[in-house]
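If you read the sequences in order, they're chains Y and R. The letter at position 153 of the first sequence is residue 153 when you use the working numbering, and the numbering goes up by one with no holes. Numbers given in the working numbering equal positions in the second sequence, counted from 1, plus 1000.
Simulated from the structure, these hints should not be mistaken for lab results. Heads up, some of the hints might be wrong.
[To be verified] No farther apart than 25 angstroms at their CA atoms in a straight line, the calculated lysine-lysine pairs in the DSS-like style are these:
| no. | chain 1 | residue 1 | chain 2 | residue 2 |
| --- | --- | --- | --- | --- |
| 1 | R | 1213 | Y | 216 |
| 2 | Y | 119 | Y | 85 |
| 3 | Y | 213 | R | 1216 |
| 4 | Y | 216 | Y | 158 |
[As the list claims (entries may be wrong)] Covered stretches of chain R, as calculated for chain Y (at least 3 residues, CB under 8 angstroms):
| no. | segment |
| --- | --- |
| 5 | 1013-1025 |
| 6 | 1197-1203 |
It should be emphasised that the depicted structure is a prediction, and the values quoted were computed from it without experimental measurement. We put the CB at the ideal spot given by N, CA and C, even for glycine.
There are 2 protein chains.
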Amino acid sequence: MDIEQANLEAVGRMMEARPVLTGMGRALDVIPGMREDLLLHAGPPITWERASGPMRGAITGALIYEGKAKSMEEAQRLVESGSVKLEPCHHHQAVGPMAGVTSASMSVYILENKTHGNKAFSNLNEGYGKVLRYGAYSEEVLERLRWLNGGMAATLGKAIELSGGIDIRALLAEALHMGDEGHNRNKAGSVLYTAKLAPFIAQAAPDSETAAKILKSLGDNALSVLNPVMACCKAMADAAHNVEGSTIVSTMARNGTDFGIRVSGLGERWFTAPVATPKGLYFPGFTEADASGDIGDSTITETAGIGGFAMASAPAIVTFVSGTPKDAINATLEMYEITIAEHKAFTIPQLDFRGSPTGIDIRKVVETNTTPRINTGIAHKEAGVGQVGAGLVRPPMEVFHEALMAFAEKYGF
Amino acid sequence: MDIEQANLEAVGRMMEARPVLTGMGRALDVIPGMREDLLLHAGPPITWERASGPMRGAITGALIYEGKAKSMEEAQRLVESGSVKLEPCHHHQAVGPMAGVTSASMSVYILENKTHGNKAFSNLNEGYGKVLRYGAYSEEVLERLRWLNGGMAATLGKAIELSGGIDIRALLAEALHMGDEGHNRNKAGSVLYTAKLAPFIAQAAPDSETAAKILKSLGDNALSVLNPVMACCKAMADAAHNVEGSTIVSTMARNGTDFGIRVSGLGERWFTAPVATPKGLYFPGFTEADASGDIGDSTITETAGIGGFAMASAPAIVTFVSGTPKDAINATLEMYEITIAEHKAFTIPQLDFRGSPTGIDIRKVVETNTTPRINTGIAHKEAGVGQVGAGLVRPPMEVFHEALMAFAEKYGF
Chain Y
1 MDIEQANLEA VGRMMEARPV LTGMGRALDV IPGMREDLLL HAGPPITWER ASGPMRGAIT
61 GALIYEGKAK SMEEAQRLVE SGSVKLEPCH HHQAVGPMAG VTSASMSVYI LENKTHGNKA
121 FSNLNEGYGK VLRYGAYSEE VLERLRWLNG GMAATLGKAI ELSGGIDIRA LLAEALHMGD
181 EGHNRNKAGS VLYTAKLAPF IAQAAPDSET AAKILKSLGD NALSVLNPVM ACCKAMADAA
241 HNVEGSTIVS TMARNGTDFG IRVSGLGERW FTAPVATPKG LYFPGFTEAD ASGDIGDSTI
301 TETAGIGGFA MASAPAIVTF VSGTPKDAIN ATLEMYEITI AEHKAFTIPQ LDFRGSPTGI
361 DIRKVVETNT TPRINTGIAH KEAGVGQVGA GLVRPPMEVF HEALMAFAEK YGF
Chain R
1001 MDIEQANLEA VGRMMEARPV LTGMGRALDV IPGMREDLLL HAGPPITWER ASGPMRGAIT
1061 GALIYEGKAK SMEEAQRLVE SGSVKLEPCH HHQAVGPMAG VTSASMSVYI LENKTHGNKA
1121 FSNLNEGYGK VLRYGAYSEE VLERLRWLNG GMAATLGKAI ELSGGIDIRA LLAEALHMGD
1181 EGHNRNKAGS VLYTAKLAPF IAQAAPDSET AAKILKSLGD NALSVLNPVM ACCKAMADAA
1241 HNVEGSTIVS TMARNGTDFG IRVSGLGERW FTAPVATPKG LYFPGFTEAD ASGDIGDSTI
1301 TETAGIGGFA MASAPAIVTF VSGTPKDAIN ATLEMYEITI AEHKAFTIPQ LDFRGSPTGI
1361 DIRKVVETNT TPRINTGIAH KEAGVGQVGA GLVRPPMEVF HEALMAFAEK YGF
């Protein structure tokens, strides 16, 4: 078995994947294995008992949204009794930012990888403030979810179909030339997304007021494209998964309690360890003492070679996550040390159009003692509060050690 | 008289100006001094005889558009006989890209400087290919002008009013953090502009098909915001004009034959010299031998501290105008040598958020023997062809020498 060859195959598939946003659908109808009694969540598997505050809040919100519970106590009973099951989004070709909780009746984006045929899914972005993904579940949060998953998704789905599909890889490549890194900074991507869909939203909406409302909500939300971007990266990472003999990381995800990775050549096994707390800038009135542990599937962006790996593209992001533009350049340069390729589609003008560092090799992480850099939002540690800041975080080194040992065991070297 | 004090006053006014796009109107109704028998054009004053190919083509197109001529010969007769007059846009608080020809019935953007009260105007952007501003005047060009100045302007004007006005200085500041320099690269600005107006276009349009058509044309045109941006810079530069004793450049403009500047402390007098030919990248099938001389009022962007002066913000622009991202950084660094301020509103992430070099001092240009750097489109030298490339150009040094001598004469030092 030739590891180098296997890794080139895996990273080649990751970079050649061309995920196109083709429509929307109800989670129950389109996500493989979705069921009425199932909630999908971010990160590796979790139980109620071990779940963080924001994860419990989001589970509660989703069960209230589905009409299955009225309070956190009822939600807890449903989950602990097994009447409602929890499974990772990642086990269902899906990803969700922060808590990532997705229930059967929610609407999801459908991404199709035109190169390899696999699909990926993600829910709609709720914008800022008190939102389900940060663990808030007040009536205001639920009201917004009803609109997003109802009227907005109906029009948006039609508009995407009318557009003939949106090539999210191409959109991301453009956004990286416009100061985004694709994870914490999706400002350019979100306005590109809004502008591309705008004519079709005007045509698809039942009336001009609905069109205006949707256009305003997409245009004002600098994260509106984050969820399709994450599903795009998921489709890329999945295309690179299950290459026999490959040491390339195909999943990085956090549930607020554990950080988990999966490796292309090691199948469905998760390697997990307790999450760290992000370092960054806090919103007025909050400090690190308020922060939840690292949470969310959005690390799929770093897995696919953008986000923290493409920091050099996004010098203005430092006003949001701390540091200087020089730190942003250095972040990307460091990530070349633990990756095996320079992305063919994602180039960085600030580095003379060098491809972004792509394809994390668990061997390089361990050899260089350098963990991946991750940009992230920071949730409040208690359920119901929401976002308190944004910053930088690293995975625990143990997961790479464990994965490497498992690899040695499986492949006997 | 204290020149330094006068210059600080001038550049202070330039930076404090806050031009807001408040609506649209017919040139005849809103531009001061506009008349039925008048055509406005880019750059300093010009005659038919001395006019370049693209300028003649645009004059012809505008007169056919107004129903005053049917051919270039007729257009020439009208202008040479004095039945139709030519005056610079700059004499009427207006600016226009490339040939900049604006006739009485055309629609123009209205920008109001909320700090000092002055207004500025610019026509609508036609997009790419065969367009009037590059000297093309075929039926396709005229048909597009009828739509732009008719149905599109009607809806756009209403949408701008519904929006409550768009702060173009704020939009530009955002775009400079998104890889634009505001002159040749207005990709981020144009999608921001489209996304901001989209909800109001949906509301203002007579029907959803018209809304879709306008949204598509704004979103697909990476220069759709160029004309409001130019009018924004014109309002800023005008606010800095006529400060007694100031050596700050308040106008740079080209008509395809002459490059002209005006200086804050020297009133309405133009200092002109023959234009250079831009160096840059040509579209397939064209070479420098096809290029017209430097043309357009868009140098108002460099006059106001963006465009070529903010190149460092826009590393990806080098794929369009030639050079490397390092050249882009150096271009901005060089411009600090001939300016007296760092812009308060326009900051450059790549230079640790340093303000862009603003306020060209004719004394510094002469002392350092360094002329301003200008990013520009390149027109074909013959009427009717259109754009053939994009690149970089510098003004002739003579105009700064002449202006400095005139300054010494007027102020007796």
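Structure-based check of all given hints:
For the hint linking residue 1213 (chain R) to residue 216 (chain Y), the alpha-carbon distance of about 18 angstroms falls within 25 angstroms, and the restraint holds. Among the hinted pairs, residue 119 (chain Y) with residue 85 (chain Y) is consistent with the structure: their alpha-carbon atoms are about 23 angstroms apart, no more than 25 angstroms. Annotation: proposed proximity of residue 213 (chain Y) to residue 1216 (chain R) holds, straight-line Cα distance about 18 angstroms (limit 25 angstroms). Note on residue 216 (chain Y) and residue 158 (chain Y): the hinted pairing holds, with a Cα-Cα distance of about 17 angstroms set against a maximum of 25 angstroms.
With 0 residues carrying a beta carbon less than 8 angstroms from a beta carbon of chain Y, the segment 1013-1025 of chain R misses the three-residue requirement, and the given coverage is violated. For the segment 1197-1203 of chain R, the stated coverage by chain Y is satisfied: 6 residues place a CB nearer than 8 angstroms to a CB of that chain, which reaches the threshold of 3.
Checked against the numbered hints above, the structure breaks only hint 5 and satisfies the rest.
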